[in-house]
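Trainee: This is what each chain is made of:
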Amino acid sequence: QKEVEQNSGPLSVPEGAIASLNCTYSDRGSQSFFWYRQYSGKSPELIMSIYSNGDKEDGRFTAQLNKASQYVSLLIRDSQPSDSATYLCAVKTSYDKVIFGPGTSLSVIP
Amino acid sequence: DVKVTQSSRYLVKRTGEKVFLECVQDMDHENMFWYRQDPGLGLRLIYFSYDVKMKEKGDIPEGYSVSREKKERFSLILESASTNQTSMYLCASSDRVHGYTFGSGTRLTVV
Chain A
16 QKEVEQNSGP
26 LSVPEGAIAS
36 LNCTYSDRGS
46 QSFFWYRQYS
56 GKSPELIMSI
66 YSNGDKEDGR
76 FTAQLNKASQ
86 YVSLLIRDSQ
96 PSDSATYLCA
106 VKTSYDKVIF
116 GPGTSLSVIP
Chain B
9 DVKVTQSSRY
19 LVKRTGEKVF
29 LECVQDMDHE
39 NMFWYRQDPG
49 LGLRLIYFSY
59 DVKMKEKGDI
69 PEGYSVSREK
79 KERFSLILES
89 ASTNQTSMYL
99 CASSDRVHGY
109 TFGSGTRLTV
119 V
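As given, the protein sequences belong to chains A and B, one line each in that order. Going left to right, the first sequence walks through residues 16 to 125 as this note's numbering numbers them. Going left to right, the second sequence walks through residues 9 to 119 as this note's numbering numbers them.
27 angstroms max Cα-Cα, derived BS3-like pairs, lysine-lysine:
(1) K11(B) - K78(B)
(2) K82(A) - K71(A)
(3) K112(A) - K78(B)
(4) K71(A) - K11(B)
(5) K112(A) - K63(B)
(6) K57(A) - K21(B)
(7) K78(B) - K65(B)
(8) K26(B) - K63(B)
(9) K57(A) - K26(B)
(10) K26(B) - K61(B)
(11) K79(B) - K26(B)
(12) K65(B) - K17(A)
(13) K79(B) - K112(A)
(14) K112(A) - K57(A)
(15) K112(A) - K61(B)
(16) K78(B) - K26(B)
(17) K63(B) - K79(B)
(18) K11(B) - K112(A)
(19) K57(A) - K65(B)
(20) K63(B) - K17(A)
(21) K11(B) - K61(B)
(22) K57(A) - K79(B)
(23) K65(B) - K112(A)
(24) K17(A) - K82(A)
(25) K11(B) - K57(A)
(26) K65(B) - K79(B)
(27) K17(A) - K57(A)
Computed footprint of chain B on chain A; a stretch qualifies when at least three of its residues, placed anywhere within it, have a C-beta under 8 angstroms from a C-beta of chain B:
(28) 46–57
(29) 60–68
(30) 112–118
To be clear, the hints were calculated from the coordinates, so they are not data collected in a lab. Beta carbons are placed, not taken as given, at the ideal position from N, Cα and C, and that holds for glycine.
Using the sequences and the hints given, assemble the complete structure.
Mentor: Listed below in structure tokens is the structure:
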């Protein structure tokens, strides 16, 4: 089992819809979780951090964490074409190492 | 508002050359990292450092070395560049708690 897994996509959603990106992890002791956005040819940019169970909202973005299910998700409301990018899930494990998932490619169709 | 600076955006080097990739951060972070990113392989950790003059091997250190003489600067060295080291190289820094801040990346081509 890979340490951090994501659906590779591509995920296509119409403009204005909710995009849902999912991530699972294997280390039950993990405590810190991050979402990065990476535009084609650019470097990853941190957009959300979440450390406790539940939801964390920042503008159109909501991160959700369920440690019992070892699952973290990112919801993007009112998706815009400018949200089209690859989204990387990253998990800081119990042995203090950050593991990146392979990324999910999101395409928002106008 | 640039916080992690990589010295070159694009670089072309010849096989066998010694290559230096420089990274500087202005956030006083203890931790610095070098990754390479290739299509279909994701981000792979080459080396990291948690303190000045300290370095640790990541998942793919072969063919690389690093130097951290000052807290703000972390250099990646390709001892003898090979074509399979053609890649996007990403430097990142962080404190103990928060996520990484990445530099803009260096796209290295070895011919």
